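Asks: Residue numbers (the numbering used here), protein chains in the order written: chain L, 5 to 208; chain D, -18 to 75.
If you're looking for bench data, these hints aren't it; they were derived computationally from the structure. Values in this document were obtained by computation on a predicted structure and should not be read as measured data. Treat the hints with care, since some could be wrong.
As the list claims (entries may be wrong) - Pairs of lysine-lysine residues, derived as DSS-like cross-links and limited to a Cα-Cα distance of at most 27 Å, are as follows:
#1 L:Lys15 x D:Lys51
#2 L:Lys21 x D:Lys44
#3 D:Lys51 x L:Lys112
#4 D:Lys44 x L:Lys112
Unchecked claim - Simulated DEER-style distance windows between Cβ atoms:
#5 L:Arg48 x D:Lys44: 33 to 41 Å
#6 D:Lys51 x L:Val168: 27 to 35 Å
#7 L:Leu151 x D:Arg75: 25 to 33 Å
#8 L:Ser174 x D:Val72: 32 to 40 Å
#9 L:Gln47 x D:Ala11: 19 to 27 Å
#10 D:Ala0 x L:Gly19: 28 to 36 Å
#11 D:His16 x L:Tyr113: 27 to 35 Å
#12 L:Asn61 x D:Ala19: 21 to 29 Å
#13 D:Gly27 x L:His14: 38 to 46 Å
We treat Cβ as the ideally placed atom computed from N, Cα and C, and that holds for glycine.
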Amino acid sequence: MNDRGHPAPHKDYAGAKLGMWLFLYTEVLLFGGLFVLYAVYLQRYPQEFAAAAGQLNLVLGAANTVILLTGSLLVALSVSAIRHGSARLAQGFLWGGVVSGVLFLFNKYVEWSTEISHGIYPGSPILEQRAQGEIVFFGLYYITLGLHGLHVLIGAVILAVAAVMTARGSIQQDEFVVLENSGLYWHLVDLVWIFIFPLYYLLL
Amino acid sequence: MNEQPHAIVRYRTFIAIWALLLLLTALTVAVSRVHLGALNIWAALGIASLKSALVIFFFMHLKYERLIFKLFLLIALLTLALFIGLTFFDVLYR
């Protein structure tokens, strides 16, 4: 902003964003560890994994994929909107992103409560009688999707904070790195789901 | 590192990417219903990687960022690949 002829407080736009990307890579490695476990056990129990995966709710899984992709679109649009100077539009897109997160979590709640009522949860007596591979599959399913769900919850809160900041004017046309970084976090949540969906719901 | 932000991405571009992502989602579901043996998992991973690339390069603006951002991604992916590769090197030859 120095080219406008008045001294501005020090801001490191690229540095702020690079820092966010670095943080996201630690998240990639966190989920990467869970995907490595998945890959190793898939290789060890291919039939049992396929049998267990077939019991998941494909319709809810696919619906959640569409919901997260749409949420990502809205958040990406909000960054363009704020840079065009339309704070109201950016706010609308952000609240849309929050709604997508809430819808996702609601579906997850429906899905998990059905599964738990059928006695499928880690350590349940019904699950313990199944084959070893199925026990491992559902263990990984709950930990990976649970961790991802936690990220959706955190991401939705971050988007809501960004929406409020936009309403108050602390995020604006030439001050939007917070919005961009919040968006980056939300897109990461989407990225993880892009891998979870085929690996857990679509396995044959 | 105090420099001007990248160009503003057009709404139209984002909507096109979103449509492509939905199309790829439908494709991955369709492909997964056909029995192809080991090829199923590679098809699923291939489509997921393509979808990720679309999200990273467009929604996350990586296409419009400077080289250092792209190098960061490369290093992170290489680390992850090394991590997965070495694990399998152990698990497969035990």
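Asks: Looking back at the numbered hints, which does the structure fail to meet, lowest number first?
Replies: Hints 3, 4 and 8 not satisfied by this model.
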